[in-house]
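Using the sequences and the accompanying hints, generate a full structural model.
Here the protein sequences line up with chains Z and B, keeping their order.
Quick note, the working numbering runs 1 ahead of the 1-based positions in the first sequence.
Quick note, the working numbering runs 1222 ahead of the 1-based positions in the second sequence.
Simulated from the structure, these hints should not be mistaken for laboratory data.
Among the hints, erroneous ones may be present.
[As the list claims (entries may be wrong)] If you only want the chain B side, here are some residues facing chain Z, beta carbon under 10 Å, derived:
| hint | residue |
| --- | --- |
| 1 | M1627 |
| 2 | L1631 |
| 3 | V1686 |
[Stated by the list, open to error] Take a look, some chain Z residues computed to stay more than 12 Å from chain B by CB distance:
| hint | residue |
| --- | --- |
| 4 | K19 |
| 5 | G49 |
| 6 | V64 |
| 7 | V81 |
| 8 | E108 |
| 9 | E112 |
Even for Gly, the Cβ is constructed at its ideal location relative to N, Cα and C.
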Amino acid sequence: MNNPKELLYTKSHEWLKKNEDGTAYVGLTDFAQSELGDLVFVNLPAEGDPVTADEAFADVESVKAVSDVNSPVTATVVAVNDEVADQPALINETPYDAWLIQVTDIEDTAELLSAEEYEAFVENQ
Amino acid sequence: MKLIFERGNEGQALCLMPACDVPEVTLEGFEREGKLYLPHVSENELSRHYTEIAKRVHGVNDGFYPLGSCTMKYNPKVNEEAAALPGFVGVHPLQGDKNSQGCLEVLYKIEESLAEISGMDNVTLQPAAGAHGEFTGLLLIKSYLESIGATNRKKIIVPDSAHGTNPASAVMCGFEIVNIPSGADGCVDLEALSGAVGEDTAGLMLTNPNTVGVFDKNILEITKIVHDAGGLCYYDGANLNAVMGVVRPGDMGFDCIHFNLHKTFSTPHGGGGPGSGPVGCKAFLAPFLPGIRVNKKPCGCYTSGKAEKSFGEVKAFGGNFLVVVKALTYILTLGKEGIPEAAKNAVLNANYMQACLKDDFDLAYDVICMHEFVLTLDKFHKETGISALDLAKGLLDHGIHPPTMYFPLIVHEALMIEPTETEPKEMLDEAVAVFKELKKLAYENPQALHDAPVKTPVRRLDDVRAARTPVLRYNFE
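Below is the structure:
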């Protein structure tokens, strides 16, 4: 498993990438996409929507099931990735480039793991 | 294959319509603007069309169909015979009680039978499917809570192993969902349940035996926790086939239940006709029931009416009445001895298959199961690259309908197997041999399983394309 070191991870298999301008990207981990299988639909929030740490902000549908995606942070959505909404397969192909939302005004965070900690957590799953 | 619109040609027809014996009128302003697209085929062509479709599907009449949670038992032909009786087929729902005594008797008798089997007091036959029954049952609960002024009770507790229809039905009724995790044994985690109930609890929805095929041994404590908190208990009858005539949901503490007549009482599944999902309840919920309530008078005749505080209708008249006739036929055919015997054989068949397969595949829960059991192909998948989906596709080449895949969601690479009671031991042995053969193939020639199926009319489907760009109608232009 190749989880980028500069990202932070949640136990519900989302990644968080903090940007220098104070915003952050949120996406699904490689493990999550491989467990879900081929994704066919992604429901994303709208720009300006609030998201809450550890609560669902989106859902993804694979050929197996529909699953919630939890937010790693309490913040406000500034951008959604329309490309991913049109082509959910991008999450399967390049999970760490296929961000779902960009957030700003981060007020709170869920329990976040480093890449090593996340890999150890996945190993025990 | 050709679609029905690609067969025949303009002018070909099935039959001659009788001459019109009333004056023709034109409804001004309602004329059809475009062409009406109807197939133009002879009876012979139509017959070929349906035969061709029938050759491309797999039903329980074609072979083994161990689709977990769906109870694909054999549908006895005598059911069809009863449902085809002219008195049932030709009845009109508005012809009045006096001229519908036989039909009212059917509704009365099946209500009596289902109430006895489930330990409930009353049953409505109106809901048209299992999930429709859930919706109806929850409306009963909602109506009752409103009648006692408990409008603050808005939360329905659902375990994470539940059928997806449970939370969906509750949301449709305006409830909020509280999800609780299952314990390591797949049963309700009592601590999680105790922590979840409160003054806002409307009720709990539960399947027992649950979706992993295990009977929850704490069931009496579970329903007590919910009742003590002031909530009601809803029994999802999806798995009633495992316990019918043996234990009763009413005795487990449930207040309300839906039955899936197509699962438990041998009526056809979807595609084989309309569905039926009757709802049973304890007497305190009965005043709110929808639909026709049938009473028997001392003279032995039947009258129909409405429940006093009925919340309304969920379907027209008596529901899908002919399906109800088939279920009653089944119940009367099996009788008081046959009903529990069917349940016990369903459990025996599942345990036999589980015992035959447990050395070759990992069980999600290594316990004596009820009517179904769940394999987890997680380790197998990591070792061979063959997923539950690949194995399922391999089964198709052997004339076996795959088990339910990737459900329940709490089990990785799940295959949920439910052989039902209507399969002989020989069939189970054949199926077990196929599973073992496919396991061998997974290690020796995994590509063969990635390529499967190769013997079916349609090869491996593109699931993603089917989900994203389905072609749902014929394009005439």
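Do the hints match the structure? See the list:
1. Interface restraint check for M1627 (chain B): the shortest CB-CB distance to chain Z comes to about 7 Å, inside 10 Å, so the restraint holds.
2. Below 10 Å, beta-carbon pairs count as interface contacts, and L1631 (chain B) has one with chain Z at about 6 Å; its hint therefore holds.
3. A least Cβ separation of about 5 Å between V1686 (chain B) and chain Z falls short of the 10 Å threshold, and the interface hint therefore holds.
4. The Cβ of K19 (chain Z) sits about 30 Å from the closest Cβ of chain B, beyond the 12 Å cut-off, so the non-interface label holds.
5. Once the 12 Å rule is applied to beta carbons, G49 (chain Z) is consistent with being away from chain B; the minimum gap is 25 Å.
6. With a least beta-carbon separation of about 4 Å from chain B, V64 (chain Z) fails to lie farther than 12 Å from that chain, contradicting its non-interface assignment.
7. Residue-level check passed: V81 (chain Z) sits 19 Å from the nearest beta carbon of chain B, beyond 12 Å.
8. Against chain B, the non-interface label of E108 (chain Z) holds: every CB pair exceeds 12 Å, the least being about 25 Å.
9. The Cβ of E112 (chain Z) sits about 17 Å from the closest Cβ of chain B, beyond the 12 Å cut-off, so the non-interface label holds.
The structure fails hint 6 only (numbered hints given earlier).
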